[in-house]
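**Q** Put together the whole structure using the sequences plus the hints.
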Amino acid sequence: MEYIKIMPCKELEPYIHFFWELKGNPYEAQWERVYPDGCSGIILNLGNDCLTDNGSLSLEFGKTYAVGAMNSYKDSLIDIDTHLAGACLKPAAFANFYTYDPLNTLINDTVEFEKSNSFSANKILKQSFNYFDRFFWERIKNKNIPLQSVINDINVTKGQISIYELAKKNYTTVRQLERNFKKYIGLSPKEYANIIRFQNALHAIGKTNQDRSLSDIAFECGYYDLSHFSNEIKRNTGLSPSSL
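So in this note's numbering, spot 155 of the sequence shown is number 155, and the numbers just go up one at a time.
FYI, nobody ran anything at the bench for these hints, they're computed from the structure.
Even for Gly, the Cβ is constructed at its ideal location relative to N, Cα and C.
Among the clues, some could well be false.
[Said to hold, decoys possible] Pair by pair, the computed Cβ-Cβ distance ranges are:
(1) 75 <-> 4: 17 to 27 Å
(2) 183 <-> 10: 26 to 36 Å
(3) 175 <-> 212: 37 to 47 Å
(4) 234 <-> 164: 23 to 33 Å
(5) 58 <-> 179: 20 to 30 Å
(6) 164 <-> 81: 43 to 53 Å
(7) 239 <-> 138: 37 to 47 Å
(8) 190 <-> 75: 18 to 28 Å
(9) 4 <-> 48: 15 to 25 Å
(10) 34 <-> 117: 19 to 29 Å
(11) 212 <-> 117: 37 to 47 Å
(12) 139 <-> 80: 26 to 36 Å
**A** Structure, rendered in structure tokens:
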């Protein structure tokens, strides 16, 4: 499988993590698993039909799809003729380009976009990622990202912050925070914080060595104990920590 990432132009960096392109292995099909990261995205299918959402949806050639944030892992079948491209948007940045309210209706889901919101397959094939830069820059509705200060607080603490403390620090209520997260991200603030903590743990597991036990990582990442840590890793990946 061939997978590449391209950073957006400087003006789009506050809103878009990266653009990407994926092509299947020319010799065999394989299932590809994606873990929750708190982000939503946009996908364009440039190849044959591709099964996603754990096999429940077939992406059709030339069509563009909105992908909601996830609170569990998702499998897609990458066949030999699979060719996908898309954009990974930063949390809460979906509203800077599209109107889809509230985003919690998109959780763990992939939905076909209407033509007015869709990419041009011909243009992306001819102009590559330059087309994505122009497409998003021309569509930007406003430059203020909702919930940015709250998201920053969660990221800085690596997900180890209570929702009450988060609300107090940002001069709002827990109830208002819940409403805004479901509107602009789709996840609850607690779910988002748990995903950031999980991503931090995943990174720590990938860098671990014989001197660091899984219990040490669990404690460092704010889990109650090894059992809690293992359950959260399995819920988000379908695998045990030792299998990663």
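**Q** Look at each hint and say if it fits the structure.
**A** Results of checking the hints against the structure:
1. At about 21 Å, the beta-carbon gap between residue 75 and residue 4 stays in the expected band of 17 to 27 Å.
2. Remark: the range hint 26 to 36 Å for residue 183 to residue 10 is upheld by a beta-carbon distance near 28 Å.
3. The supplied range of 37 to 47 Å is met by residue 175 and residue 212, whose beta-carbon atoms lie about 40 Å from each other.
4. Between residue 234 and residue 164, the C-beta spacing of about 28 Å keeps the proposed range 23 to 33 Å intact.
5. For the hinted restraint 20 to 30 Å between residue 58 and residue 179, the CB-CB distance of approximately 34 Å leaves it violated.
6. Roughly 51 Å separates the CB atoms of residue 164 and residue 81, a value that falls within the hinted 43 to 53 Å.
7. Look at residue 239 against residue 138: about 41 Å separates their beta carbons, and that is inside 37 to 47 Å.
8. Taking the beta carbon of each, residue 190 and residue 75 are about 25 Å apart, inside 18 to 28 Å as hinted.
9. For the hinted restraint 15 to 25 Å between residue 4 and residue 48, the CB-CB distance of approximately 20 Å keeps it satisfied.
10. Between residue 34 and residue 117, the C-beta spacing of about 22 Å keeps the proposed range 19 to 29 Å intact.
11. The hinted range of 37 to 47 Å is satisfied by residue 212 and residue 117, whose Cβ atoms lie roughly 46 Å apart.
12. At about 33 Å, the CB distance of residue 139 to residue 80 agrees with the hint of 26 to 36 Å.
Of the numbered hints stated above, the single one contradicted by the structure is hint 5.
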